[in-house]
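**Student:** Under full-length UniProt numbering, the letters of the sequence shown match residues 1 to 202, in that order.
It is worth saying that the hints were derived from the structure and are not from the lab.
Glycine residues also receive a C-beta, built at the ideal position from the N, C-alpha and C atoms.
Some hints here could point you the wrong way.
[Stated by the list, open to error] What follows is a list of derived Cβ distance ranges for each label pair:
{"id": "1", "residue 1": "His-152", "residue 2": "Leu-193", "range": "28 to 34 Å"}
{"id": "2", "residue 1": "Gln-80", "residue 2": "Leu-125", "range": "28 to 34 Å"}
{"id": "3", "residue 1": "Asp-169", "residue 2": "Gly-40", "range": "51 to 57 Å"}
{"id": "4", "residue 1": "Asn-157", "residue 2": "Asp-67", "range": "14 to 20 Å"}
{"id": "5", "residue 1": "Val-115", "residue 2": "Gln-166", "range": "51 to 57 Å"}
{"id": "6", "residue 1": "Gln-166", "residue 2": "Leu-107", "range": "39 to 45 Å"}
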Amino acid sequence: MRSGDSTTIDVPESSAVAKGKAPLVAIVKHEQEKGGWKRGVAIFDFLLRLGAIITALAAASTMGTSDETLPFFTQFFQFQASYDDLPTFQFFVIAMAIVGGYLVLSLPFSIVSIVRPQAVGPRVLLLVLDTVALTLNTSAAAAAAAIVYLAHNGNSNTNWLAICQQYGDFCQKVSGAVVAAFVSVVVFMFLILLSALAIRKP
């Protein structure tokens, strides 16, 4: 070999580098798949919140507009039934309005969960606040359901008279409001389950 000749040696790519590419691609694909199903959960969460807003506000508005005046009355007496005659129904209207307002305010956090499905903070916050709202919703619905039951059936032991035979429209409205409130309770249960599913480690 002469000193003027140059020798070129082809060095193959390092096996360590070549081997390192496959695991990196696998990790990226795994993160994308994980983010994909979490984004789907977040979208379903957003749709459920829209439905819960409708049911909660419908319950509050239906109860808040429930009143009926009987056609027979005298100069001194007028027979009327209204939601504000009973503190339980007043509490129901206030509680369901608060629940509906909270659900509206929670929509931006639900959108953040769609954009960033891996973010845990918004999910934990929604999980805690949804649990509080579920408690308020359930207490209002249960208390109103007890009064509606008495309005339909009465209680002879305590001389509570059933009034739904006379105030049919009033009872229809308050019963519908209670049903809508319990639908909202079921939606909240699904929302809490979805949040717990989204924040758990795979």
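**Student:** Hints first: check each against the structure and report whether it holds.
**Tutor:** Each hint, compared with the structure:
1. His-152 / Leu-193: 28 to 34 Å: Holds - the Cβ-Cβ distance for His-152 and Leu-193, about 33 Å, lies within 28 to 34 Å.
2. Gln-80 / Leu-125: 28 to 34 Å: Violated: the Cβ-Cβ distance is about 44 Å, outside 28 to 34 Å.
3. Asp-169 / Gly-40: 51 to 57 Å: Because 43 Å falls outside the window, the suggested range is violated.
4. Asn-157 / Asp-67: 14 to 20 Å: At roughly 28 Å between Cβ atoms, Asp-67 and Asn-157 fall outside 14 to 20 Å, so the hint is violated.
5. Val-115 / Gln-166: 51 to 57 Å: 54 Å, holds
6. Gln-166 / Leu-107: 39 to 45 Å: 42 Å, holds
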